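There are 2 protein chains.
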Amino acid sequence: MTGIFRFEILSQDGAARAGLITTSRGKIRTPAFIPVGTAATVKAMHPETVKALGADIVLANTYHLMLRPGAERIAMLGGLHSFMNWPWPILTDSGGFQVMSLAKLRKLDENGVTFQSHIDGTRYVLTPERAMEIQDLLGSDIAMQFDECVRLPCAEAEARRAMNLSLRWAEQSKAAFVAKPGCALFGIVQGGAAGAMRIESAKALADMGFDGYALGGLAVGEPRMVMLAMIECVLPWIPCAKPRYLMGVGTPDDLLESVRRGIDMFDCVLPTRAGRHGLAYTRSGRLNLRNARHADDPSPVDSLSSSAAARNYSRAYLHHLVKAGEILGMMLLTEINLAYYQDFMQDIRRAIAAGRFTDFCDAAKTAWRTGETSGKLDA
Amino acid sequence: MTGIFRFEILSQDGAARAGLITTSRGKIRTPAFIPVGTAATVKAMHPETVKALGADIVLANTYHLMLRPGAERIAMLGGLHSFMNWPWPILTDSGGFQVMSLAKLRKLDENGVTFQSHIDGTRYVLTPERAMEIQDLLGSDIAMQFDECVRLPCAEAEARRAMNLSLRWAEQSKAAFVAKPGCALFGIVQGGAAGAMRIESAKALADMGFDGYALGGLAVGEPRMVMLAMIECVLPWIPCAKPRYLMGVGTPDDLLESVRRGIDMFDCVLPTRAGRHGLAYTRSGRLNLRNARHADDPSPVDSLSSSAAARNYSRAYLHHLVKAGEILGMMLLTEINLAYYQDFMQDIRRAIAAGRFTDFCDAAKTAWRTGETSGKLDA
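Protein chains in written order, with our numbering: chain A, 1 to 379; chain B, 1 to 379.
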């Protein structure tokens, strides 16, 4: 691997920024949407198609991969990029979030978390040091600090305890991080729904110094305005020359409103999960292909899409595939959604570069209202 | 649609024949393997990939499509080719076999079958006339007569009754068939495991005159030698200038032995179904990717395959995908298997053309024994 990890801001429009992250495995155009490849596969997609649709980077989950097939095994097989046939950048989370949401019999203390695999009950320990080691074994290009994420709403004392623990784990993660040229470690701002606590977390992380900063523990049940308020609180306190990553978000409208406030990176299962459940994201809003009104509709999902899947198959056929539970339905709708998300990010980047981001937001929101739904998905 | 349906035998090697079927939607190289696209999709495959792997034709099931989404709906949407985005030839079965194996509360009489949908219990009637109408609505290039297929073993009286009924339905099917230029109707030889009855059926169908002749009711539980014996009985009695289609068969070894006896066409769910269950067909025999011995194996399924899926992903990764129940595992293994089957048919055609079919059979069987299993799958 060669080169260094760096971030350049190419243009700004209000608080919105368009930029470029350079890693040893390739460049990432920002604002970036990162498709989720949980178990070393973006579900129902060939990796080369994910790339062709415009993704510069994918996310893989430390929790899932440490359980199956195992980080040491992936390292022995040449690393995650080779394993999943994706030679471009990979961001790995630290496992903390999924330990909380998926694992059984969790026991958390100052050192880390002991838990049982949700697959076979095997006992594991995850500490800041082990989370860093696993991400190094995987060959991550952007690693995340180990943190504790609480569900919202959450008592302030509980949020404070988790925030402070996450700060101590941030220091330990940084100390344990195996720095390689062109690779990065991001800190994660916690603090629940309390602005003051979020700011405290952001300032402490900024003092430690990370290659990028994430907002964690959002989009976990709180009202959307809380999420946007937390972004507004936090961003002034993290170094503006570093990439800002909003984890686990979101709907197209969430992306617009977060970019408007200065976010550079997103990941979310929404386009892929929705595709497996019969939902299509389009410029005219969201379509539910399960709906019987599509049964006789010969029109494609979007005749102007960059995605062949959106142009070449009728809504009637997609409706049929979804109703019949056919895998091709999941394949085509996942592709349609990832194409929509990546085209949307490209349009956002162009709008920022042209200084017309506000107009772009207005036009996108108007267009969503012409379709079946508002373009938002609450599930 | 233009042109006429025709079959040319280009070369023979013993009883094995290599030829070319011309339909209005394209040519079919024989011996041909027809991937099964039950519900208007070859499961887990993009149609353009099915074509790229070498398929000249796919099969679609009348029974499944009449139930969902409905033949009249498909016709209104422009026909099955447009519906499933497959502009090349399509063979449709007549529904008879699946009514027997899938439908609930069947009632069979001289006129046809009354049954309930296995999906929602709706009552349907299928007669020779309706089976022809449905295949016409779908826009089939090769339609099959309506027949009754019995499970083997079967009492001789029962096999005779079904065979005679199938012959009457053959006449009715032929009378009801909507002939279009470049499209064909095939008769189906029945008669259980009794050679004399099979010959009687074949002679009667040959007298009626069809565009091609199928052997039905085989590979339904009988020993493989019975199937091969039935082929040997029947083929001398059907016009040698017409294509001969062995329905629902089979393993690579079944294909070899049937081609050796003069069969020109096959369809089978085996490569696609096996792919969805973790099995890969290769020149070195069958691999079960579920097997733990693949967990650390960095080698591809077949580095010399024409399929990128067989060359570019490790056995370790495929094992992981299969164990994790990932859709990509089904996609890649289905592709690997269809590529193997189509390459195999191409090799068979070349071997026949070169007059070295027997040597090819010996070499293929020897190569299968070098792998994990014998290349045969009994499931």
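Hints listed in this document are in silico derivations from the structure and should not be mistaken for laboratory results.
Note that this is a predicted model, so its numbers are computed, not measured.
Treat the hints loosely; a few may be bogus.
[Said to hold, decoys possible] Mimicking BS3-like on lysine-lysine, the simulated pairs with C-alpha atoms at most 25 angstroms apart in a straight line are:
1. K51(A) to K51(B)
2. K203(B) to K27(B)
3. K323(B) to K43(A)
4. K51(A) to K43(B)
5. K180(B) to K43(A)
6. K27(A) to K242(A)
7. K51(B) to K104(A)
8. K43(B) to K43(A)
9. K107(A) to K174(A)
10. K242(B) to K323(A)
11. K203(B) to K242(B)
12. K323(A) to K104(B)
Against the structure, the hints come out as follows:
Note on K51(A) and K51(B): the hinted pairing holds, with a Cα-Cα distance of about 23 angstroms set against a maximum of 25 angstroms. At roughly 28 angstroms between alpha-carbon atoms, K203(B) and K27(B) are farther apart than 25 angstroms, so this suggested pair is violated. In summary, the hint linking K323(B) to K43(A) is supported, as the alpha carbons are separated by about 14 angstroms, within the 25 angstroms threshold. Under the criterion of a C-alpha separation no larger than 25 angstroms, the hint pairing K51(A) with K43(B) is consistent with the structure, at around 24 angstroms.
A hinted pair counts as satisfied when its Cα atoms are at most 25 angstroms apart, and K180(B) with K43(A) does not qualify at roughly 43 angstroms. Taking the CA atoms of K27(A) and K242(A), the gap is about 15 angstroms. The hint holds against a cut of 25 angstroms. For the proposed pair K51(B) and K104(A), the alpha carbon gap of about 46 angstroms is over 25 angstroms, so the pair is violated. Between K43(B) and K43(A) the CA atoms are separated by roughly 16 angstroms; this keeps the pair inside 25 angstroms, and the hint holds.
About 23 angstroms separates the Cα atoms of K107(A) and K174(A), which keeps this hinted pair within 25 angstroms; it holds. At roughly 39 angstroms between alpha-carbon atoms, K242(B) and K323(A) are farther apart than 25 angstroms, so this suggested pair is violated. Taking the CA atoms of K203(B) and K242(B), the gap is about 14 angstroms. The hint holds against a cut of 25 angstroms. Distance hint between K323(A) and K104(B) is fulfilled; the C-alpha atoms sit about 20 angstroms from each other, no more than 25 angstroms.
The structure fails hints 2, 5, 7, 10 (numbered hints given earlier, in ascending order).
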